[in-house]
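Asker: Chain by chain, the residues run as shown.
Number of protein chains: 2
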Amino acid sequence: MTDIAKRFANNPIISPNDINPSIDGFDVIGVLNPGAFRFNNQIGLLIRVAEAPPVLDGFVQAPVIDRDNTVKTLKFPDDPQFLTLKESRLFSYNGKTYLTSISHLRLAWSEDEIHFKVEKEPLLMGNGQYESFGIEDCRVINIDDIFYLTYTAVSEKGFCVGLISTKDWYNFERWGIIFPPPNKNTAIFPCKIDDYYYALHRPSGVVIGGNYIWIAKSIDLKHWGNYECIAVTRPGKWDSCGIGPGAPPIKTEYGWLEIYHGTDKNNRYCLGALLLDLKNPFKVVARSEEPIMEPTMSYETEGFFGNVVFTNGCVYDGDILTVYYGASDEYICGAKFSIKEILTESLKVPTTNHR
Amino acid sequence: MTDIAKRFANNPIISPNDINPSIDGFDVIGVLNPGAFRFNNQIGLLIRVAEAPPVLDGFVQAPVIDRDNTVKTLKFPDDPQFLTLKESRLFSYNGKTYLTSISHLRLAWSEDEIHFKVEKEPLLMGNGQYESFGIEDCRVINIDDIFYLTYTAVSEKGFCVGLISTKDWYNFERWGIIFPPPNKNTAIFPCKIDDYYYALHRPSGVVIGGNYIWIAKSIDLKHWGNYECIAVTRPGKWDSCGIGPGAPPIKTEYGWLEIYHGTDKNNRYCLGALLLDLKNPFKVVARSEEPIMEPTMSYETEGFFGNVVFTNGCVYDGDILTVYYGASDEYICGAKFSIKEILTESLKVPTTNHR
Chain F
1 MTDIAKRFAN NPIISPNDIN PSIDGFDVIG VLNPGAFRFN NQIGLLIRVA EAPPVLDGFV
61 QAPVIDRDNT VKTLKFPDDP QFLTLKESRL FSYNGKTYLT SISHLRLAWS EDEIHFKVEK
121 EPLLMGNGQY ESFGIEDCRV INIDDIFYLT YTAVSEKGFC VGLISTKDWY NFERWGIIFP
181 PPNKNTAIFP CKIDDYYYAL HRPSGVVIGG NYIWIAKSID LKHWGNYECI AVTRPGKWDS
241 CGIGPGAPPI KTEYGWLEIY HGTDKNNRYC LGALLLDLKN PFKVVARSEE PIMEPTMSYE
301 TEGFFGNVVF TNGCVYDGDI LTVYYGASDE YICGAKFSIK EILTESLKVP TTNHR
Chain L
356 MTDIAKRFAN NPIISPNDIN PSIDGFDVIG VLNPGAFRFN NQIGLLIRVA EAPPVLDGFV
416 QAPVIDRDNT VKTLKFPDDP QFLTLKESRL FSYNGKTYLT SISHLRLAWS EDEIHFKVEK
476 EPLLMGNGQY ESFGIEDCRV INIDDIFYLT YTAVSEKGFC VGLISTKDWY NFERWGIIFP
536 PPNKNTAIFP CKIDDYYYAL HRPSGVVIGG NYIWIAKSID LKHWGNYECI AVTRPGKWDS
596 CGIGPGAPPI KTEYGWLEIY HGTDKNNRYC LGALLLDLKN PFKVVARSEE PIMEPTMSYE
656 TEGFFGNVVF TNGCVYDGDI LTVYYGASDE YICGAKFSIK EILTESLKVP TTNHR
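Chain order of the listed sequences is F and L. Going by my numbering, the final residue of the first sequence carries number 355, and the count climbs one at a time with no gaps. Going by my numbering, the final residue of the second sequence carries number 710, and the count climbs one at a time with no gaps.
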């Protein structure tokens, strides 16, 4: 058993039933993949809420954000001559690809790290031509009292990475697209290293290459360069088909600890760990051979997209790492880890207090 | 007839037969897609030379650059259980993709813009993990006496964009990867606009999006941000399947003139024109409805990859634009255009001297 997660007893901690839809007549079909942060003595989760119009017999539907920033639903006749279903979330009609649901970001707050109260209104909706199919999977970091939000912007132009900042969670500044398509899963390091910011991200391969973890360097968080690939998929293993960064890296005395996700040929999503050199995060010091968490509970194996545990947000206090994660692309759950246990048991790092 | 190119009478101006291979026993299978620049009263072309090992019955072969920066040839048995031929240049073996040839960059010089002498040795070879499958299709710009070279770096990590600079064409500085995969066709603007550098580039779509022309902004040429998509494919037209930037944009009084390439569903490559706002190059002022150049001559329709005209290098003198281009992915050719004719006839811009 390589799964060393101590799951919350009250999982899932947020379910679609806990959320009111933001669009009249739509259903919340998933609440997933939260960014996590501390603010005003609370834990904030920036959750992804996926909504879809009710099923309409004989049609497939695509909710899109219009130029006036309202959601309208495109309806296409269910005609196999023009329609190709690509997966549960995607279809292509007459050669153009659409999503069957649209996601926005919403806040949930907790005073005990376990019980969350979800706000009634969306915090951030897709805005503009790169977000007409919604915004998804936001990482949050806090540098010098400013929160930086990296998220997946989805539109007919592709999926790419946007950056937004806020000091107070009321006023927001948009920094534009920081990584061009196809890119997602961007996790900025929570502090500078020798005058540079760093970010992990996940471009996708076309014909050649794959879904690998890359890193980049920046002087100002807005302009990025020095792209390098730090980890690739491993044939025959749990992370053989695709990998991507999870939450922002955690600074430990042994290196930057990054919880990442990996998929196998059955599209099963597990979590693993990477350790990057403290001074030179281009260098991978250790990588877990086995997952540190696998989908095993019913809420992780059954749901909108079963067999998925996926994280992009965590908080920590001393040795205790609290990972918030999406389960089956439908629920938000929580689990605790011992950072030392990840280092010693999963990453085989000889820590000084190693028993 | 929308093709307004005045082709050189002596096309092709460089053929594979004119080039000695750089690797013992290899054949030069194509010489194509040159960057173009002026230096010491000559026209320099930075040509792409594609080389392959001779056919070996019963095997497919992939030349790759090893860690010691020498080319070695991987040999795979021609076994349909493991082998998938993807196109004339690509195959996949046991799930991994390889190229059947490897490209380097070599210089050719001319005093009359028409007759070129090709150097005997490569100028730049693939170097390091992002270039193990070679380097291709280099654009050259000249800013403040420094030449900047943007090229496609190809490896098992994917294809992405590298930047190299030189003052003298003897000493080179490597700036690393400036756009992550999958990206190519990067054309930097030849001067700053209001304190920022700009570049056109071509990320590829995965599942969603497509092969569209994007732009980015930089403060230092090394770090890039503010990504925007400025042009997409046009259904039913000659550029319905993919588009990409050509040579670096040309400053005219009516805007930045960009010669770009477009492909249709038959993989036929033509050239078209875009005009971008002088002060705000995110804004497209005009786009040619029809190609300004189409593959029509035998050297453009027949060859390694027929029906291709593709440019990434040009020079100009007053109204005369000399475009160097790859034909059929096998030859280098030249053609002259009148800039005013492109503006008035192809882009329908009302120029002041319009007859």
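Think of the hints as simulated: they come from the structure by calculation, not from any bench. One or more of the hints may lead you astray.
[As the list claims (entries may be wrong)] Distance condition first, Cα-Cα at most 25 Å in a straight line; then the derived SDA-like pairs of lysine to any residue:
{"no.": "1", "chain 1": "F", "residue 1": "K72", "chain 2": "F", "residue 2": "L85"}
{"no.": "2", "chain 1": "L", "residue 1": "K703", "chain 2": "L", "residue 2": "D672"}
{"no.": "3", "chain 1": "F", "residue 1": "K265", "chain 2": "L", "residue 2": "Y453"}
{"no.": "4", "chain 1": "L", "residue 1": "K577", "chain 2": "F", "residue 2": "N280"}
{"no.": "5", "chain 1": "F", "residue 1": "K96", "chain 2": "L", "residue 2": "Y671"}
{"no.": "6", "chain 1": "F", "residue 1": "K222", "chain 2": "L", "residue 2": "K547"}
{"no.": "7", "chain 1": "F", "residue 1": "K6", "chain 2": "F", "residue 2": "N280"}
{"no.": "8", "chain 1": "L", "residue 1": "K451", "chain 2": "F", "residue 2": "E289"}
{"no.": "9", "chain 1": "L", "residue 1": "K634", "chain 2": "L", "residue 2": "D550"}
{"no.": "10", "chain 1": "F", "residue 1": "K237", "chain 2": "L", "residue 2": "V561"}
[To be verified] Listed below are several chain L residues computed to face chain F (Cβ distance under 8 Å; list not exhaustive):
{"no.": "11", "residue": "P432"}
{"no.": "12", "residue": "T452"}
{"no.": "13", "residue": "Y525"}
{"no.": "14", "residue": "V561"}
{"no.": "15", "residue": "I563"}
{"no.": "16", "residue": "W579"}
{"no.": "17", "residue": "N581"}
[What the hints assert, rightly or not] Interface residues of chain L toward chain F, partial, derived using beta-carbon atoms under 7 Å:
{"no.": "18", "residue": "G513"}
{"no.": "19", "residue": "P545"}
{"no.": "20", "residue": "T607"}
{"no.": "21", "residue": "F637"}
{"no.": "22", "residue": "A641"}
C-beta atoms are modelled at their ideal positions from N, C-alpha and C, and glycine is treated no differently.
Asker: All hints are to be evaluated individually against the structure, with a verdict given for each.
Answerer: Hints versus structure:
Restraint check for K72 (chain F) and L85 (chain F): satisfied, since their Cα atoms lie roughly 21 Å apart, inside the 25 Å limit. Distance restraint check for K703 (chain L) and D672 (chain L): the Cα-Cα separation of roughly 22 Å lies within the 25 Å cut-off, and the hinted pair is therefore satisfied. Between K265 (chain F) and Y453 (chain L) the alpha-carbon distance is near 21 Å, which keeps this suggested pair within the 25 Å criterion. Taking the CA atoms of K577 (chain L) and N280 (chain F), the gap is near 19 Å; set against the 25 Å cutoff, the hint holds.
Distance hint between K96 (chain F) and Y671 (chain L) is unfulfilled; the C-alpha atoms sit about 39 Å from each other, more than 25 Å. Between the alpha carbons of K222 (chain F) and K547 (chain L) the distance comes to roughly 18 Å, so the proposed pair stays at or under 25 Å and holds. With a C-alpha separation of about 31 Å, the suggested pair K6 (chain F) and N280 (chain F) falls outside the 25 Å cut-off, and the hint is violated. For the proposed pair K451 (chain L) and E289 (chain F), the alpha carbon gap of about 22 Å is at most 25 Å, so the pair holds.
With a CA separation close to 11 Å, the supplied pair K634 (chain L) and D550 (chain L) stays within the 25 Å bound. Between K237 (chain F) and V561 (chain L) the alpha-carbon distance is near 24 Å, which keeps this suggested pair within the 25 Å criterion. At about 19 Å, the closest approach between the beta carbon of P432 (chain L) and any beta carbon in chain F exceeds 8 Å, and the interface hint on this residue is violated. A distance limit of 8 Å between C-beta atoms decides the matter here; for T452 (chain L) the minimum to chain F is near 5 Å, and the interface restraint holds.
With a least beta-carbon distance of about 25 Å to chain F, the hint placing Y525 (chain L) at the interface is violated under the 8 Å criterion. For V561 (chain L), the interface hint holds, the least distance from its beta-carbon to any beta-carbon of chain F being 4 Å, beneath 8 Å. A distance limit of 8 Å between C-beta atoms decides the matter here; for I563 (chain L) the minimum to chain F is near 5 Å, and the interface restraint holds. For W579 (chain L), the suggested interface contact is upheld, since its CB lies about 6 Å from the closest CB of chain F, less than 8 Å.
Contact between N581 (chain L) and chain F, as hinted, is supported at the beta carbon level, the nearest pair being about 5 Å apart and thus within 8 Å. Because the beta carbon of G513 (chain L) sits about 3 Å from the nearest beta carbon in chain F, less than 7 Å, this interface hint is met. For P545 (chain L), the interface hint is violated, the least distance from its beta-carbon to any beta-carbon of chain F being 20 Å, above 7 Å. Hint status for T607 (chain L) relative to chain F: violated, with the closest Cβ pair at about 27 Å, above 7 Å.
Given the 7 Å rule on beta carbons, the hint for F637 (chain L) is violated: about 11 Å separates it from the nearest Cβ of chain F. A cut of 7 Å between beta carbons decides the hint on A641 (chain L): the least distance to chain F is about 20 Å, and the hint is violated.
Violated hints, in rising order: 5, 7, 11, 13, 19, 20, 21 and 22; the structure is consistent with all others.
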